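Chain by chain, the residues run as shown.
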Amino acid sequence: MAHLNEAAVKKITEICDRYANEKTPLMMILSDVQNEYGYIPLEVQELISEKTGISVAEIYGVVTFYSFFSLKPKGKYVIGCCLGTACYVKGAQQVLDKFSEIIGIRAGETSEDGMFTLDALRCIGACGIAPAVTINGKVYPKLAVSDVPKIVEEYRNMEANA
Amino acid sequence: MALVNIKIEGVSYQVEEGLTILEAARICGYEIPSLCAYNHGECSKGSCRVCLVEATGARGLVASCVYPVNEGMEIKISTPKATAARRASVELLLSNHSMKCQQCDKNGACELLHVAKLTGARDDMFKGEQTPVSFDDVTPSIVRDTSKCVLCGRCVERCKNAHGLGILGFENRGFNTIVSPAENRSFAKSPCIMCGQCVSVCPTGALMEKSEIDKVDAAFKAGKYVVVQTAPAVRAALGEEFGMPIGTAVTGKMVAALRRLGFNKVFDTNYAADLTIMEEATELLGRIKNGGALPMITSCSPGWVNYAEYNYSELLPHLSSCKSPHEMFGAILKSYYAEKIGVNPADMYVVSIMPCTAKKAEKEREQLKTNGLFDVDAVLTTRELAKLIRRSGINFNKLPDEEFDYDLVGDYTGAGVIFGATGGVMEAALRTAYHALTGKEHEAIKFEAVRGMDGIKEASIDVNGTVLNVAVAHGMKNAKILLDEIKEGKSKYTFIEIMGCPGGCVAGGGQPYVKPQFLPNEGLDILDTFRAKRAAALYSEDEGRPIRQSHNNEQIKALYKEFLGEPNSHKAHELLHTTYAAKEPFAD
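Sequence lines, in order, name chains P and S. Taken in order, the first sequence gives residues 88 to 249; the numbers are from my numbering. Taken in order, the second sequence gives residues 1121 to 1708; the numbers are from my numbering.
Read the hints as simulated data drawn from the structure, not as lab findings. Check the hints yourself; a few may be wrong.
Computed Cβ-Cβ distance ranges for the label pairs, DEER-style [to be verified]: (1) P:Glu93 - S:Ala1466: 51 to 59 Å; (2) P:Arg105 - S:Val1186: 32 to 40 Å; (3) P:Met115 - S:Asp1337: 53 to 61 Å; (4) P:Tyr153 - S:Val1186: 50 to 58 Å; (5) P:Ala94 - S:Glu1605: 52 to 60 Å.
The model shown is predicted, which means the values in this text are computed figures rather than measured ones. Glycine included, C-beta positions come from ideal geometry on N, C-alpha and C.
The shape of chain P in the complex, shown without the other chains (with noise of 0.2 Å):
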């Protein structure tokens, strides 16, 4: 098992420190964690167990049930490709299917490069604008499979040009 280095400990410990009054604190230190780190591995998740009593498998559980948590660091870009019911009968599963193939990884997969991450993502909420993409945050609506290399190209020459 890899130790956590002074820094990471500490920041962990203060993020669980910030919850310690809630009675359900899991969900918001994993959070937390997730959106400091990018990903949560299982020496975080021993630390976060000492800290609050909750049992490891428990928070591994929890990990792994929400595909927000990731277990692996991701990459750059998270390209989240929504295949709820509404985006997937507006096709979704070949825009998925397109980004799998230029990026050349498989939903669930960081590229080699640390570039990209692609997540098929159960319904986002965004059905009216559906089949729905998200980078980063940035909401891509009503996408079509042709507009998908050209969003990928843009990405590239973004960090080539950083």
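Model the placement of chain S on the given structure of chain P, informed by the hints.
Structure of chain S alone, referenced to chain P:
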């Protein structure tokens, strides 16, 4: 408590408000087929849908295990709609279940098979995909096979309730959900203490002890000199496997059965329990005199030792260095006894019948060897012994009562036999420590304060004007309270007994399952009372023993005189004491 009027199948009853339909029906004499009915509150999610009934005021069918009764409710159990729905629920469970029932060790005690029989469920109604299976048989103690898991979560709750641990949890989502240690790890790479409480509550064969019957067969086949010893708690429960009421002591029949199974010698671990007391009491008095780590904590329970090594490594010096009784016995058998009877220790095979799954892992600790040989070679649970007996065609109930072997070693006192109940080791130690300090026997012999099922028990014993404070805890949740006191420097105790399983060894993870649906003659409260009933069987054997203090065991005295010297001597340390080491909870 207010009463409400309900009708079940058209008959009027008055029951307490707040009960679930299932509970109310049970009191009124109905047993609604259900899967999680007997979990004692350890699953109340109502998600398996096996116990569906019709109830007025509810939309559709309701899960009777979670739906409360209310005034005027009419409950119908046997309508075609309810009957068909219950059967379909079970068929859905079976559709994602490994149907290798014949080879399953839970066969005979499987609650799923039971409810399938009750509802008339067919096993091939819903063919389709199955959840990916995870199988873990890495530890010597527990096997986890998710192909048989029904996701009831009882094991998850039991681990939390008994120990505050929660080694198991639900992992992933939807169809891919499994119950497992974090990261779907093996128990071997998690801080599991191997106690087997999860095995005792699992309704199916998803969690089982790892059987060692094959190993014992092989030892016989290889012509080894096979010696068997039985822990005190085994006699208090083995009879249940053969239909006897809970709390029946079957010492004599058990010995007779073991002899018929072909063991060369049949010994009682109680002999070694007496030996443990001699070593442990002497160690305690030594620590008091020489300023050693106090409170001293007992070390008989391997579940507890595992817990300490994972969670309280800084307190390991507080653990008694004594090996657990069956390990001490193994060491004596392969040294003193082997020499006396002229058997090469390498040709001797020691089998321990234990109420415990953690003992299986314990026997493989590197620290538990004598002259390069493991002290104990195989550990069978009480359940495995029952299986052996049944396999051999022995009619257990008709066996005569026979006595243990006690040539040279094996004789025991009442103090040894109570080891199997929470507080028993403490009581046995007090009988001897009192004698050592005062030179006379404690008049009462009994120490009532350390008996019973309270989670933490304490007692103060006046020894020639000096008060000795002691405490007893069982289940790690209770133990943690005492351990944290020690850590904070606030413990007022000199000596503490800790047992892994709630109730002590009588309710160990290797004992016969207590499942009310298979015990129609026991009361509805059996899950609350079985521990005390089994313990009572041991206390009664203690009462009947001619000698009740370990230090008065003549064979133990002879062992010291002829072989060991005195308690805690160099030789005793070599053979009867051990060491502990911190363990990383989630090792790679």
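A quick look at each hint next to the structure:
The supplied range of 51 to 59 Å is met by Glu93 (chain P) and Ala1466 (chain S), whose beta-carbon atoms lie about 52 Å from each other. Checked against the hint of 32 to 40 Å, the C-beta distance between Arg105 (chain P) and Val1186 (chain S) comes to roughly 34 Å, which is consistent with it. With their beta carbons about 55 Å apart, Met115 (chain P) and Asp1337 (chain S) fall inside the hinted range of 53 to 61 Å. In this structure the hint that Tyr153 (chain P) and Val1186 (chain S) lie 50 to 58 Å apart at CB is violated, the actual value being about 25 Å.
For the pair Ala94 (chain P) and Glu1605 (chain S), the supplied restraint of 52 to 60 Å is violated, since their beta-carbon distance comes to about 33 Å.
In this structure, the earlier hints numbered 4 and 5 are contradicted, and the remaining ones agree with it.
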